[in-house]
Structure formats: structure tokens, C-alpha cells
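Could you put the whole structure together from the sequences, leaning on the hints where they help?
So the protein lines, in turn, are chains A and B.
Going by our numbering, 188 is the number at position 188 of the first sequence; the sequence numbering is gapless.
Going by our numbering, 109 is the number at position 109 of the second sequence; the sequence numbering is gapless.
FYI, nobody ran anything at the bench for these hints, they're computed from the structure.
Each residue gets a CB set at the ideal place from its N, CA and C atoms; glycine is no exception.
Heads up, some of the hints might be wrong.
[Stated by the list, open to error] Simulated restraints on C-beta separations:
#1 A:E142 x B:L67: 50 to 56 Å
#2 B:T112 x A:D148: 17 to 23 Å
#3 B:T69 x A:D187: 54 to 60 Å
#4 B:T11 x A:P58: 39 to 45 Å
#5 A:R206 x B:G5: 56 to 62 Å
#6 B:E111 x A:G41: 53 to 59 Å
#7 B:V56 x A:Y57: 23 to 29 Å
#8 A:M35 x B:S3: 51 to 57 Å
#9 A:P58 x B:G35: 21 to 27 Å
The primary structure of each chain is shown beneath.
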Amino acid sequence: MLELTPRPQFTVVTPPKLLQEGYLVTFTKAWPSTMTNISGGKEPRTFRVESTNQVPYPRGYIIPTGDFRDIDLSNGSGTFQESMYPNRDQSLFEVTLGLRAGNYLVHFLMPAERYISELEASGMVPLTTDADLVYLGARKPEDSPPEDTRIKMYLVKNMEPLILRVFCLPGVDYEKCVLDFTFNKCDLREIPEPTAEQVLKSKILRYVTELKYA
Amino acid sequence: MPSLGVTANTTAQAIAAERLDRVHRPVSMTVDNDGGAADQVVRVQDIFTPAVTDGVAGPVETTVDRLRTTVPQGDQVTFNEADLKGIKCLGSLNVIGDSVDTDCHITVGYETV
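In C-alpha cells form, the structure reads like this:
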């Protein structure tokens, strides 16, 4: 009949989903040495996030059934380029991707025509023309809804083009595929000689080759 | 919930303009043909230009009929949310008739989701 909720004995703190001011990030040594702003060649490099700023940017594409649209996040004026990469050496864009509900899949490629998610046996790579392999490594809208995004991408200047291949599944004439991007723009300052503890506490940013075990 | 009333026309009458990041769902539609001059065939049309894709390098404006109904002269027909369930307009939401009739009134309520 009457209930008094007892005072909690402890509080569970959920860490922020996005990088915050003061957080540390470490780029592994796998990042290409040509990216001199963040890569140390044979050594990882650690940076401190000095400030952040969040910028939302929804994108929508109406795609016919059985067809796909490539969304190239790199900078440029090409048909599929979205110019979402940083232009400053000290910038890191932490990008969350929310997929609004619909009848579509998203594949990730980097560089062009190289799928990030593939298996090791011969021929086990995503294929949009194959009824089975189109699902291999694909992310569905329910995997990362806008209200609870679970896909993150980390973009730095001069990175190879990261491409999202949005495929409209059969069963509809057209589908509107809406991708909610939120850019957490991070201003980085390098820590020249990080302590072991700092490296341990930092968020490790791996390059795409490490994700593929290639 | 926004709504808009138009009269029957053989040119598509815009109810809601396209939103890049949303779709329109009609949730109610009333066709009042009580004072109309003839039977009216009303269609809900979805008008959009698809994206450039792997298969289509030069997409053109596309019109898709999402609903079609015939309302007899002297009659009034109402569709509620359950009747319209599942209808989704990816581009702009429009209605079109099969004749111009200023005495045939069409009212559409919709939500943008």
C-alpha cells in the first residue's frame, strides 16, 4: 500500500560513451607511418583530448531494392564523398553511427573494395549479389539504433577512405536509409613521453589492419 | 499531428514535403465527395528522386502510388490509422484525383517519423 524506496547504498556510474576532455588516446604502431600527425612508425603515440565538440549530421538515401549506395566518408568532391574527415593534424573525429529502422544492411570497406568484416576461408567475403553472402559481416539497423548507438568510427586526417556500403534488401520497392552521424570532434595534444600508467588508461585506437588480423 | 486539406485535382497536391532524415506516414484520410460532380479515384502518391547508386548513375524523379481508392459521388469515406497502417512515403506525401473538382475535399493527417 505504501512504499518508501530505500536510499541506495551505492551508485552505479555509467562511463560516458564519447571521449571527453582530459581523456587519453593511443594510436598503435600499426597506423601507417605516412600519417605523421598521429603515427610514430614503430612506436605507439599517446595524445590527450584537450577539448571536444559534438556535431550531429543525419544523412538519408533512397535506394532501390537489390541495389547499393557507397558512402565515402573521406574528403573530396566525388559523387560518393561526404567530406567527413578532419582537415587538421591535431583533430580526431570520434563518429557514432545510428541506423534508423528500415529494410537495409550496411557493410564497411577500407580501402575501397576491401571489406573489413570477412571470414578466413576462400570466398567468404561479403557479396551484395549473393543471397547468403550479402549478410556476411553486415550490420542491420537494430544493431545500432540512433537512441543506443553501438557503431563507432575514428577518423583522422589523411586516413584511407572509409566506405559504408548501404544495401537495400529485397521485399520493398525502395527504402529510405537514414544514417545518423554524430561527430565528437576532439582536439588532441601529444604527450611526448607517456608513463606506463597513462598508456594503460588511454583508449587504444587500432588501425583497420589489426581488425582484420591481416 | 499535422494535417492538410486540398481539393481533388489531376495534378498531385502536396501534403508534406520531403524530409532528408524522415519518412511520412499518413494516419488519417477523409475524402468528402458529398458535393462532388462525379465518382473520384484518389491516390496517395510518394514522390522522390532516389540516390545515385551502383545500379543507377542518373536517377530521375519517381512517383509511387501507395494507396488507391474510389469514392462514389455523394459519398464520404474516412480511413483511420489502422486502415493506413504500413503506408510510408519516403519522399513527399501527395494526393491526386482523377478529375478536377473543387467540391471534392481531401484531408490527410500524417506523422513524420
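Structure-based check of all given hints:
1. A:E142 x B:L67: 50 to 56 Å: 28 Å, violated
2. B:T112 x A:D148: 17 to 23 Å: Hint holds: Cβ distance 22 Å, inside 17 to 23 Å.
3. B:T69 x A:D187: 54 to 60 Å: At roughly 58 Å between Cβ atoms, D187 (chain A) and T69 (chain B) fall inside 54 to 60 Å, so the hint holds.
4. B:T11 x A:P58: 39 to 45 Å: Check failed, 31 Å falls outside 39 to 45 Å.
5. A:R206 x B:G5: 56 to 62 Å: 57 Å, holds
6. B:E111 x A:G41: 53 to 59 Å: 55 Å, holds
7. B:V56 x A:Y57: 23 to 29 Å: Holds: the Cβ-Cβ distance is about 24 Å, inside 23 to 29 Å.
8. A:M35 x B:S3: 51 to 57 Å: 54 Å, holds
9. A:P58 x B:G35: 21 to 27 Å: At 44 Å between Cβs, range violated.
Comparing the model with each numbered hint stated earlier shows that hints 1, 4, 9 do not hold.
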